[in-house]
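Colleague: Residue numbers (this note's numbering), protein chains in the order written: chain A, 1 to 240; chain B, 241 to 432.
What the hints contain is simulated information worked out from the structure, not anything from laboratory work.
Please note that a few of the clues may not be correct.
Derived lysine-lysine pairs resembling DSBU-like cross-links, with alpha carbons at most 35 Å apart [claimed, not checked]:
#1 A:Lys144 x A:Lys83
#2 B:Lys332 x A:Lys83
#3 B:Lys332 x A:Lys144
#4 B:Lys333 x A:Lys83
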Amino acid sequence: MEPGADVGSAEPAPDTAPAGSRRSTTPSQDLLRGFWRENPVLVQLLGLCPALAVTNTVANSIAMGLATFFVLVGSSLFVSTLKRLIPAEVRISAYILIIATFVTIADLALAAVVPDIHKALGAFIALIVVNCMILGRQEAFASKRPVGRALLDAAGTGAGFMVALLIMGTVREVLGSGSILGRPLFGPGYEPWIVMILPPGGFLTLGFVLLGFGWWRERRDAETPRVRRWPHGVTARRAA
Amino acid sequence: MSGELAWILVSAMLVNNFTLVLFLGLCPFMGVSARVATALRMGAANIFVLVITSMSVWFLNTFVLQSAPFLRLISFIVVIASLVQIVEMAVKKFSPALFRELGIFLPLITTNCAILGLAIFQTNRGYGFLEGLSFAVGAGLGLTLALVLMASIRERTELSDVPGLARGMGLVLILAGSLSLAFMGFAGLFST
Chain A
1 MEPGADVGSA EPAPDTAPAG SRRSTTPSQD LLRGFWRENP VLVQLLGLCP
51 ALAVTNTVAN SIAMGLATFF VLVGSSLFVS TLKRLIPAEV RISAYILIIA
101 TFVTIADLAL AAVVPDIHKA LGAFIALIVV NCMILGRQEA FASKRPVGRA
151 LLDAAGTGAG FMVALLIMGT VREVLGSGSI LGRPLFGPGY EPWIVMILPP
201 GGFLTLGFVL LGFGWWRERR DAETPRVRRW PHGVTARRAA
Chain B
241 MSGELAWILV SAMLVNNFTL VLFLGLCPFM GVSARVATAL RMGAANIFVL
291 VITSMSVWFL NTFVLQSAPF LRLISFIVVI ASLVQIVEMA VKKFSPALFR
341 ELGIFLPLIT TNCAILGLAI FQTNRGYGFL EGLSFAVGAG LGLTLALVLM
391 ASIRERTELS DVPGLARGMG LVLILAGSLS LAFMGFAGLF ST
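Please construct the entire structure, taking both the sequences and the accompanying hints into account.
Modeller: Below, the structure is given as structure tokens:
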């Protein structure tokens, strides 16, 4: 998949939804796909706004990840249950309404339980509504599959989002404040790299994390035996 | 009064630039910033939708939502989605040429978090009608500025010798980081 090809589209192109179009997948594939191979932030580059905006501390990342996980699982459950009742013409609006309902619940719950973090996250809790990752999963998966599979897919994707947020939050808090979850790591001699907790740090951290993953993938591909590669198979068949 | 409005406009455009400082509207920022011409058109469409959103949010806040604040988010998103739909139909009817120019960008603006973000910020800060308008124009100009800057940089990097690993989104994000660093300089513009 080409990263960024689908970024910004409300209606994901069919080729970004392999599960809906390809032959059937096993439940464990549904669960694990969103977690790693199609990680929403690190691979598909969806839902970037919260991933960059609220990851300046680990605590904020965890709260944002949990809230998004809850909204994604809840709306997948509803969309998948109601899929026969929602007319195709107004499906996007219906999904948005369902998502907005769950976001309102999450917003009020966070305000009641952890008011400090709710204040720190600010408008970004409400902005979960327009997270393209959530709408994308409804359109590509939950609206076509049975309830159980939709829940597995939502849990996997939500967990993948949470892991990406945690990676970003850890890197930024450790470098930018020299602490983790508010506990100092390096002692008083450490001069915090302030820019990492400011807006530019978000862009730079994700950029370098993506570079790191690209490097790792290149290394891994170089190590796998070439026999399994497709062009080799083609030449072998042509030669035969 | 007019000084106040100008302050809001410049602040939304530069100091608190929606894209580079507040991380709103990143999807179009990454998606359609490959060409300067498309970036300009996208920016113009955004300014237009931001302005009508600001007006209708003011109307909702003043006349409807006083009695039911928990419906805020749902009513905002419904109003934004239907406004974009109406604008799309109107543009298609009265100016087919412009409609073709804007293409897919117009409907996609619904899921642009900058629009909903504007609605929420405007409500939280308690802006009146004129203040909301100048906030919307400033935010739109800021989005356009960021998009055009990014598109110009990306057009240049296309022909430069970038290592294969960094080509693609990693490079775009690091470029955005440097742009964002530059915009941090505006933070000292209003030291009150």
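Colleague: Evaluate each hint against the coordinates.
Modeller: Evaluated hints:
{"no.": "1", "hint": "A:Lys144 x A:Lys83", "verdict": "holds, 7 Å"}
{"no.": "2", "hint": "B:Lys332 x A:Lys83", "verdict": "holds, 31 Å"}
{"no.": "3", "hint": "B:Lys332 x A:Lys144", "verdict": "holds, 32 Å"}
{"no.": "4", "hint": "B:Lys333 x A:Lys83", "verdict": "holds, 33 Å"}
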